[in-house]
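For chain A, the structure is supplied; the task is to place chain B on it using the hints.
Chains as they are written, first to last, in the UniProt record's numbering: chain A, 1 to 314; chain B, 1 to 314.
Because the hints were derived from the structure by calculation, they are not lab data.
Where hints are given, some of them may not hold.
No copy is singled out in the list; a pair is fine if it fits within one copy or between any two copies.
[As the list claims (entries may be wrong)] Once the Cα atoms are required to be at most 30 Å apart in a straight line, the calculated DSS-like pairs of lysine-lysine come out as:
| # | residue 1 | residue 2 |
| --- | --- | --- |
| 1 | K310 | K215 |
| 2 | K59 | K45 |
| 3 | K286 | K171 |
| 4 | K171 | K93 |
| 5 | K95 | K171 |
The lines below spell out each chain.
Protein chains: 2
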Amino acid sequence: MRLATLRDGSKDGRLVVISPDGLRYAFAPIPTLQDALENWDLALKLLAGVGEFPDELAKTDLCAPLPRAWQWLDGSAYQSHGDLMDAVLGISKPKTDLPLMYQGVSDRFYGPYDNVPFSDESLGIDFEGEFGVVVDAVPMGTTPADAFKHIRLIVQINDWSLRTLAGPEMKTGFGWIQAKPPCGMAPFAVTPDELGDAWRHGRVCLTLNVEWNGKQFGAAQGEPMGYGFHELVAHAARTRDLVAGTVIGSGTVSNANFRDIGSSCIAERRGIEVIDLGQPKTEFMKFGDRVRMYATDENGRAPFGELEQKVTRA
Amino acid sequence: MRLATLRDGSKDGRLVVISPDGLRYAFAPIPTLQDALENWDLALKLLAGVGEFPDELAKTDLCAPLPRAWQWLDGSAYQSHGDLMDAVLGISKPKTDLPLMYQGVSDRFYGPYDNVPFSDESLGIDFEGEFGVVVDAVPMGTTPADAFKHIRLIVQINDWSLRTLAGPEMKTGFGWIQAKPPCGMAPFAVTPDELGDAWRHGRVCLTLNVEWNGKQFGAAQGEPMGYGFHELVAHAARTRDLVAGTVIGSGTVSNANFRDIGSSCIAERRGIEVIDLGQPKTEFMKFGDRVRMYATDENGRAPFGELEQKVTRA
Numbered sequence: 001m002r003l004a005t006l007r008d009g010s011k012d013g014r015l016v017v018i019s020p021d022g023l024r025y026a027f028a029p030i031p032t033l034q035d036a037l038e039n040w041d042l043a044l045k046l047l048a049g050v051g052e053f054p055d056e057l058a059k060t061d062l063c064a065p066l067p068r069a070w071q072w073l074d075g076s077a078y079q080s081h082g083d084l085m086d087a088v089l090g091i092s093k094p095k096t097d098l099p100l101m102y103q104g105v106s107d108r109f110y111g112p113y114d115n116v117p118f119s120d121e122s123l124g125i126d127f128e129g130e131f132g133v134v135v136d137a138v139p140m141g142t143t144p145a146d147a148f149k150h151i152r153l154i155v156q157i158n159d160w161s162l163r164t165l166a167g168p169e170m171k172t173g174f175g176w177i178q179a180k181p182p183c184g185m186a187p188f189a190v191t192p193d194e195l196g197d198a199w200r201h202g203r204v205c206l207t208l209n210v211e212w213n214g215k216q217f218g219a220a221q222g223e224p225m226g227y228g229f230h231e232l233v234a235h236a237a238r239t240r241d242l243v244a245g246t247v248i249g250s251g252t253v254s255n256a257n258f259r260d261i262g263s264s265c266i267a268e269r270r271g272i273e274v275i276d277l278g279q280p281k282t283e284f285m286k287f288g289d290r291v292r293m294y295a296t297d298e299n300g301r302a303p304f305g306e307l308e309q310k311v312t313r314a
Numbered sequence: 001m002r003l004a005t006l007r008d009g010s011k012d013g014r015l016v017v018i019s020p021d022g023l024r025y026a027f028a029p030i031p032t033l034q035d036a037l038e039n040w041d042l043a044l045k046l047l048a049g050v051g052e053f054p055d056e057l058a059k060t061d062l063c064a065p066l067p068r069a070w071q072w073l074d075g076s077a078y079q080s081h082g083d084l085m086d087a088v089l090g091i092s093k094p095k096t097d098l099p100l101m102y103q104g105v106s107d108r109f110y111g112p113y114d115n116v117p118f119s120d121e122s123l124g125i126d127f128e129g130e131f132g133v134v135v136d137a138v139p140m141g142t143t144p145a146d147a148f149k150h151i152r153l154i155v156q157i158n159d160w161s162l163r164t165l166a167g168p169e170m171k172t173g174f175g176w177i178q179a180k181p182p183c184g185m186a187p188f189a190v191t192p193d194e195l196g197d198a199w200r201h202g203r204v205c206l207t208l209n210v211e212w213n214g215k216q217f218g219a220a221q222g223e224p225m226g227y228g229f230h231e232l233v234a235h236a237a238r239t240r241d242l243v244a245g246t247v248i249g250s251g252t253v254s255n256a257n258f259r260d261i262g263s264s265c266i267a268e269r270r271g272i273e274v275i276d277l278g279q280p281k282t283e284f285m286k287f288g289d290r291v292r293m294y295a296t297d298e299n300g301r302a303p304f305g306e307l308e309q310k311v312t313r314a
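Pulled out of the complex, with its shape left as it was, chain A reads as follows (with noise of 0.2 Å):
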């Protein structure tokens, strides 16, 4: 199953379920997906019950899939991508067995479609391709086996980042707020079992594309992640219930072979750069630059649609 949100003027927008070839859609019997999250069981009756779409979609109608959420929590799991950066950034992190994970902006993530708007070229403007959950509630203490049966939607995540401000807050313990604008999402939320076999030991086995003013950035596969997305939820539920509609991202989606397949952010590439050439070329980017992203399955489907967004002057 595939769910969407209209906006409608209100913050929360309205659920929509999306037909199977992502063309149409019919209202939810639910008005929103934070309301379907907090008692998911019944939800999940509800909206597999939906089974003809007799409105078309227009892109531009959606939002986020959820507008705004009590809760963003944002892993670093792929360590191809942690290492690189801790290279360039001269970050030298303790040994740990635990993943990475700092608290984001939830209040509002912004549509698939929506221009985004910063104050300062400067500031290093740079996307960062990621896979993300949403969980029901999650009770404190919850182990890695038990927090797969949270995980009720999964979603294509953009997460904004200003790499100027990004390595002095790092440098502060404190973890980053001023280089974390909110996110944006594409524009589908999917159940596991849309993903098939794409789903597995806790990871999206699929290869997420990123687009830079149309040209192609990177084809980064999600399936070697450090930790599942289980592990994460786990790791965030130590010491605190998770509420309904807590998002997890995995951080930004990372190979390897980055030289090969290219990268899901800007400065993943700079710090390529940095070390084989001895100093950044690429820039990052400048008002009225579009970066796409959508993840495709071996079969060339999408499950998330996409997301395409502008940089604009705030």
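Structure of chain B alone, referenced to chain A:
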């Protein structure tokens, strides 16, 4: 004006206006504090019209004045606390003229008399006495001078912390997830004018009294913040709009003469012991321990009421 929220079975509770003597209340003509913050100018007029307080307040009926918020950003604005903690944790922060700030869990704030569950005494259970402000909608790029007018309410916070987990998480650069479970709030959120002269240059100039199991533990003054709340608000809003109802905290209230007046958290006292005695001797909280916090003005009046919370086994 002092506002509080009564439990009514809903997630946001029921907003009430408190009588001048703090003993009685009237239902507000607006359902919740979040509703009021989203349209504050109108709300203030409606709330100011409440002149009779028919009902007696029972403290156990109270939840946090804002039982959940879309965003909680906590500073560390007391230099004497930050310097000591860095020295004890062996952390060397880069020089910066920006405030320190992390984003914490905000989908729940414990009520002032709630028991607070933890899984394990070995996690280093600690309280942190803080002040905080609640803003209405703050546009991205708001200056410190303009930020003043967005500070609508002032609150007193207990930022529960798990010290065994805090140092290792800080060293990742990603900030705290497991080390920072939900906070508690004292019962009354107050408008700045309610504090009179004790609200000056963006500081809460009150004494924060902290008692642990009935014994005096700290009595730090709120005034010596390195940054005022208006500066913390502007810092938070540099690259994001702040949603109405965002809560911004001061970090642990601390004064340079902490050996004389005590501390607002156990970690600070342990840090002093490390420096003075070579090792910490004060242990962290145990199941059944209680902490009481109440800020007082020169006349002994406690504008936020008092918070008293017990540590329990999850």
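Cross-check of the supplied hints:
1. In the homo-oligomer, the alpha carbons of K310 and K215 lie at most 30 Å apart inside one protomer (14 Å), although the nearest pairing across protomers, at 58 Å, exceeds that limit.
2. Only within a single protomer do K59 and K45 lie at most 30 Å apart by alpha-carbon distance; the minimum there is 26 Å, versus 42 Å between protomers.
3. In this assembly of identical chains, K286 and K171 lie within 30 Å of each other by CA distance solely inside one copy; the values are 26 Å within and 33 Å between copies.
4. With identical chains, the CA atoms of K171 and K93 are at most 30 Å apart both within one copy (11 Å) and between copies (7 Å).
5. Proximity of K95 to K171 under the C-alpha cut-off of 30 Å is found in both arrangements, the shortest distances being 17 Å within a copy and 10 Å between copies.
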